[in-house]
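Number of protein chains: 2
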Amino acid sequence: MWSYQAPLREMRFVIEDVLRAPDAWRATPAFADLDADTAAEVLQQAARFATEVLLPINAAGDREGCRLEGRDVKTPAGYAAAYAAFVEGGWPALACDPALGGQGLPQLLNAALYEMLVATNHGWTMYPGLLHGAYETVKAHGSAFLRDTYLPKIASGEWLAAMALTEPQAGSDLGLVRTKAEPRADGTLAVSGGKIFISGADHDMSANIVHLVLCRLPDAPPGTKGLSLALVPKFLPDGTRNAIHVDGLEHKMGIHGSATCVLHYEAATGWLVGEPNRGLAAMFLMMNAARLHVALQGLGHLEMAAQNARRQAHERLQLRAAVRPAGAAPAAADPIAWHPAMRRTLGNLQAMAEGLRVVAYRAALRLDEAEHDEDPARREAASAEAALLTPVLKAFATEQGFRGASDALQVWGGYGYVREAGIEQTVRDARIAMVYEGTNEIQAIDLLQRKVLGSMAPAFDRLLDALAADADGSDAGRALAAQVQAAREVVAAVRARSADPEAALAVADDFLAGCAHLLLAWAWGAIERAATQARERDAAWMDERIRLVRHGREWLLPQATVHWARVRAGAALGAVAA
Amino acid sequence: MWSYQAPLREMRFVIEDVLRAPDAWRATPAFADLDADTAAEVLQQAARFATEVLLPINAAGDREGCRLEGRDVKTPAGYAAAYAAFVEGGWPALACDPALGGQGLPQLLNAALYEMLVATNHGWTMYPGLLHGAYETVKAHGSAFLRDTYLPKIASGEWLAAMALTEPQAGSDLGLVRTKAEPRADGTLAVSGGKIFISGADHDMSANIVHLVLCRLPDAPPGTKGLSLALVPKFLPDGTRNAIHVDGLEHKMGIHGSATCVLHYEAATGWLVGEPNRGLAAMFLMMNAARLHVALQGLGHLEMAAQNARRQAHERLQLRAAVRPAGAAPAAADPIAWHPAMRRTLGNLQAMAEGLRVVAYRAALRLDEAEHDEDPARREAASAEAALLTPVLKAFATEQGFRGASDALQVWGGYGYVREAGIEQTVRDARIAMVYEGTNEIQAIDLLQRKVLGSMAPAFDRLLDALAADADGSDAGRALAAQVQAAREVVAAVRARSADPEAALAVADDFLAGCAHLLLAWAWGAIERAATQARERDAAWMDERIRLVRHGREWLLPQATVHWARVRAGAALGAVAA
Chain A
1 MWSYQAPLRE MRFVIEDVLR APDAWRATPA FADLDADTAA EVLQQAARFA
51 TEVLLPINAA GDREGCRLEG RDVKTPAGYA AAYAAFVEGG WPALACDPAL
101 GGQGLPQLLN AALYEMLVAT NHGWTMYPGL LHGAYETVKA HGSAFLRDTY
151 LPKIASGEWL AAMALTEPQA GSDLGLVRTK AEPRADGTLA VSGGKIFISG
201 ADHDMSANIV HLVLCRLPDA PPGTKGLSLA LVPKFLPDGT RNAIHVDGLE
251 HKMGIHGSAT CVLHYEAATG WLVGEPNRGL AAMFLMMNAA RLHVALQGLG
301 HLEMAAQNAR RQAHERLQLR AAVRPAGAAP AAADPIAWHP AMRRTLGNLQ
351 AMAEGLRVVA YRAALRLDEA EHDEDPARRE AASAEAALLT PVLKAFATEQ
401 GFRGASDALQ VWGGYGYVRE AGIEQTVRDA RIAMVYEGTN EIQAIDLLQR
451 KVLGSMAPAF DRLLDALAAD ADGSDAGRAL AAQVQAAREV VAAVRARSAD
501 PEAALAVADD FLAGCAHLLL AWAWGAIERA ATQARERDAA WMDERIRLVR
551 HGREWLLPQA TVHWARVRAG AALGAVAA
Chain B
1 MWSYQAPLRE MRFVIEDVLR APDAWRATPA FADLDADTAA EVLQQAARFA
51 TEVLLPINAA GDREGCRLEG RDVKTPAGYA AAYAAFVEGG WPALACDPAL
101 GGQGLPQLLN AALYEMLVAT NHGWTMYPGL LHGAYETVKA HGSAFLRDTY
151 LPKIASGEWL AAMALTEPQA GSDLGLVRTK AEPRADGTLA VSGGKIFISG
201 ADHDMSANIV HLVLCRLPDA PPGTKGLSLA LVPKFLPDGT RNAIHVDGLE
251 HKMGIHGSAT CVLHYEAATG WLVGEPNRGL AAMFLMMNAA RLHVALQGLG
301 HLEMAAQNAR RQAHERLQLR AAVRPAGAAP AAADPIAWHP AMRRTLGNLQ
351 AMAEGLRVVA YRAALRLDEA EHDEDPARRE AASAEAALLT PVLKAFATEQ
401 GFRGASDALQ VWGGYGYVRE AGIEQTVRDA RIAMVYEGTN EIQAIDLLQR
451 KVLGSMAPAF DRLLDALAAD ADGSDAGRAL AAQVQAAREV VAAVRARSAD
501 PEAALAVADD FLAGCAHLLL AWAWGAIERA ATQARERDAA WMDERIRLVR
551 HGREWLLPQA TVHWARVRAG AALGAVAA
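Those protein sequences? They're chains A and B, same order as listed.
So for the first sequence, the working numbering puts the first residue at 1; every next one is plus one.
So for the second sequence, the working numbering puts the first residue at 1; every next one is plus one.
No lab work stands behind these hints: they were computed from the structure.
Backbone N, C-alpha and C define an ideal beta-carbon position, used for all residues, glycine too.
Accuracy of the hints is not assured; some may be wrong.
[What the hints assert, rightly or not] Covered stretches of chain B, going by a simulated chain A footprint (3 or more residues, C-beta under 8 Å):
1) 145-157
2) 404-415
3) 433-446
[To be verified] Below, a list of computed lysine to any residue pairs in the SDA-like style, where the Cα atoms sit at most 25 Å apart:
4) B:K74 x B:V53
5) B:K225 x A:R320
6) A:K139 x A:M287
7) B:K74 x A:R63
8) A:K74 x B:E380
9) B:K225 x A:A331
10) B:K139 x B:V323
11) B:K74 x A:E420
12) B:K139 x B:G70
13) A:K225 x B:L19
14) A:K180 x B:A333
15) B:K234 x B:D204
16) A:K225 x B:V323
17) A:K180 x B:R320
18) A:K234 x A:A331
19) B:K451 x A:V576
20) B:K180 x A:K153
21) A:K153 x A:R63
22) A:K451 x B:K225
23) A:K451 x B:V323
Using the sequences provided together with the hints, build the complete structure.
Set out below in structure tokens:
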């Protein structure tokens, strides 16, 4: 039976013991009213929503999928009702400004909420998943009219949002976008053009849908410097339906409950958001948060795969174990959880999930600091660290979500390949996160070429210093110090090859994976330290954390060696052939 | 557009230049009439069948799937007609004994055929995929009545076969099988019991279906030593329908065109195959060949993913490349094949496919020697080497088939997640091969615990010696020698821990992966040598082979270090918990 036990205790341990977020909240006026117990209560309610509302419609939504009826998209049974309950519970507004009807809670709690939503229903979560990005964009760049008309409805979740970027010829390369926006005499824009892969461009879950459309004004320069952003609602303020036409739905490998639309705008009415030709800058504002959310999709799937595999491995009896627990009764076959190959898989999955959770939540904490810290220098430093952690997390956590789900599938054997077990849906759903919101390869280039070797070199050094500061004389500390050292060395090695314009590009993926392992080494050390300190609270539970992170250090961390070695070597890739 | 260019030239290069199979054929009376050109002609016809008959019904079969109508299973449109053409072409009998209506061709050519069938249509290939195993089993263990009645029909493919092993409680642990076989006065058996995950237990593709059923005679001892094998046909010799009842079809992640049946026998009439309680031994006869076929599924998917990704990467234009070919015309965006991250992915896929093809075909060559060599000592040595190569190939090639398909999906970006591109079906179809015919974890235990540390230790040493003999002073030779050395060291390290009953079990997966890299190091070296020698035939094509295997050595082989290091370290896994 596919099920979900929200890892509330693990989350609380990370938030309170590992990251000590309540200390940060106390020092931040925006969160001064928040304490650990309140936060825990919020997460408990979130867990309840995810488990009781979203999980029951997850498998059915995968089977049913979405359909286009006339010009309207219908979502699977139960989706709209679940969303109504989500709005009713105030969840869309969790991290929005109280002045705009939000709850003013940290991104950190929003991250934990999001992890649970995706774990229980990735397809459904795609719909509210874009709300916060739209909220931030309109809040920062919208005119007074747009803010008054759209922001409260977006903050409350009453109206959902869609991000319309991709076109057939313009995926990773948004500079090739062609959709046109012609100014009209009344100050609106007439938006025309085709878009593809637009999640939630139409559906039956909210009364209106707010599209943010990447487009070009007349005479805009070519490339990304000529992109503008338009807000194009499904229903105009006077109640008429706008000229947004869904031409079809994609048939995807997974997230069948999410409507992925092919559509075109036919002189649809819109309004400019932000400055002309500055559309990409307006969208980049929400990029870190959006990419962190995608990383949390990887984490959610990994957690779901790990905990269900653990249960399955304890229930399924096959073959006698080489070593049986003292006093175990004689049996024809033992739980497969007793077999070393399965213990190792389960350890890998859980150590990875618990380590990545720490890193992902650290990034969320930095986003909160970047927005709410009173000290501008600390805001800037936090923002820079978040910008460095985000591509690592987006690429690495999504890969682990997919690979971890596939590794977990082995625990079920043949049953895992069959729909009823649940895990094959996780494998299929998890796969998309490696592709969208910037492919994982784009993340790697962003990290190494644009940031570490570019303008954020000092911030990367500061991050390494901060991590290295946690490297004590323990095994965990030595492992961490070795990773930091390796990172410094390979950056120098790549710099030394800078005459080759492809030097960084060829090894960017390995550099990112190396950094992910470095961050895991830090996270596992931090967990071990926190668990040791909190051991008196519950020795058995804390010892299990310590066992897991040691498992991670011994069985998973060695993989870093290969990544660093490949970056260091920078072998030839073969010439570009026409 | 999803398409297939059968890698006939690569296959021929491996068969003729790398493995020098035609020399072996000349020295083997059974193949004395076979020469390189005849073999190439056979493969060309096979490529035509795969490309023209199987590929066109692959995607449609995935969408349509199988259905149960009353008591009969219906396969997707075109499946039955394709199978009729397959029988008409004599393909089922390719490697069967000419005395039984077969064509008497080597397993090596059958392997190449099978690679092409799976690449173009895995779901369909499941049906004839069990024929050869059934043929070998009935040929070796069937009574004169069974051989006379069933063997010619199986050899010709006129009747298809199914292997009925798994039961709900008995997957990896076949000792738990409960299906009963009661002897009747007329010498037949009354077979009763339920089976699951039975591929092709019923369908509409052949006039009869021959089930080989693992079952227990009355008073059989418990466990695997009490298993017998029964032949239970869908239609009895007198034309009446046997009591085989399909209760349902599984809804699987992939290979939708393959009917995976839940069924029960209700005092169905059958005949004992082989000795009572020796059913597992009778089935093991075909195990190496069957597992090699599963490895070829991985290779087929990997080849398909690699060549389609290559085409896509040359067609898709996104972003300007850092380095452009000399003389390339100015353009807004370049083929993504020019971007280093994509060149690397394409190189990985192709180097892996070309290396694995050499190893897999080497195993097939050993199966031919094991059956047809005139020297009994050489037969035995070949059989032992095949027994060692098989689990490595089954586990590693299937993992590469799945991972490679997923890596390839990145080349399409968002398009790859959508059905139309074709690659997501490959990801889904490829996943099953890691599970069935013994999970990959079972293969690893078979290799290390049962064979290398067990009765086949001398054979493993001989294999290492044989591979090491190819290690010359070149870069490839040094890389190979280092791998052989590592393998010897880790075997000694695991032996030194033999007081721990879990010592081998905990590191078996890494040992297998290490051995796979060792075999790849050998294969890449062999390709480089052969390509260098044959360079005058076509310098550009041979240089591309050399470039690819160097890519493999520089970008893929370093992964071996981690696998060997983990085996050497043998870190603790944590105690078994009740």
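Now the hints, each set against the structure:
1. Beta-carbon proximity to chain A at under 8 Å applies to 0 residues in the stretch 145-157 of chain B; the threshold of 3 is not reached and the given coverage is violated.
2. With a cut-off of 8 Å between beta carbons, the stretch 404-415 of chain B has 6 residues touching chain A; three or more are needed, and the interface restraint holds.
3. For the stretch 433-446 of chain B, the assignment as covered by chain A holds, since 8 residues bring a beta-carbon within under 8 Å of that chain's beta-carbons and 3 suffice.
4. Among the hinted pairs, B:K74 with B:V53 is consistent with the structure: their alpha-carbon atoms are about 19 Å apart, no more than 25 Å.
5. Distance hint between B:K225 and A:R320 is fulfilled; the C-alpha atoms sit about 15 Å from each other, no more than 25 Å.
6. For a cut-off of 25 Å, the pair hint linking A:K139 to A:M287 stands: about 15 Å separates their Cα positions.
7. Restraint check for B:K74 and A:R63: satisfied, since their Cα atoms lie roughly 21 Å apart, inside the 25 Å limit.
8. About 64 Å separates the Cα atoms of A:K74 and B:E380, which puts this hinted pair outside 25 Å; it is violated.
9. In summary, the hint linking B:K225 to A:A331 is supported, as the alpha carbons are separated by about 17 Å, within the 25 Å threshold.
10. Only pairs whose Cα atoms come within 25 Å are accepted, and B:K139 paired with B:V323 is rejected, the gap being roughly 60 Å.
11. Only pairs whose Cα atoms come within 25 Å are accepted, and B:K74 paired with A:E420 is accepted, the gap being roughly 22 Å.
12. Between B:K139 and B:G70, the direct Cα distance comes to roughly 34 Å. Violation of the 25 Å bound is thereby established for this hinted pair.
13. For the suggested pair A:K225 and B:L19, the alpha carbons sit about 56 Å apart, so the restraint of at most 25 Å is broken.
14. The hinted pair formed by A:K180 and B:A333 meets the criterion: a straight-line CA distance of about 20 Å does not exceed 25 Å.
15. For the proposed pair B:K234 and B:D204, the alpha carbon gap of about 12 Å is at most 25 Å, so the pair holds.
16. Taking the CA atoms of A:K225 and B:V323, the gap is about 23 Å. The hint holds against a cut of 25 Å.
17. The suggested pairing of A:K180 with B:R320 holds, with an alpha-carbon distance near 23 Å, which does not exceed 25 Å.
18. For the hint linking A:K234 to A:A331, the alpha-carbon distance of about 63 Å lies beyond 25 Å, and the restraint is violated.
19. The straight-line distance between the Cα atoms of B:K451 and A:V576 is roughly 45 Å, outside the 25 Å bound, and the hint therefore fails.
20. Under the criterion of a C-alpha separation no larger than 25 Å, the hint pairing B:K180 with A:K153 is inconsistent with the structure, at around 66 Å.
21. The suggested pairing of A:K153 with A:R63 is violated, with an alpha-carbon distance near 31 Å, which exceeds 25 Å.
22. At most 25 Å may separate the alpha-carbon atoms for a hinted pair to count; A:K451 and B:K225 exceed this at roughly 63 Å.
23. Distance check on the hinted pair: A:K451 and B:V323 sit about 20 Å apart at the alpha-carbon level, within 25 Å; holds.
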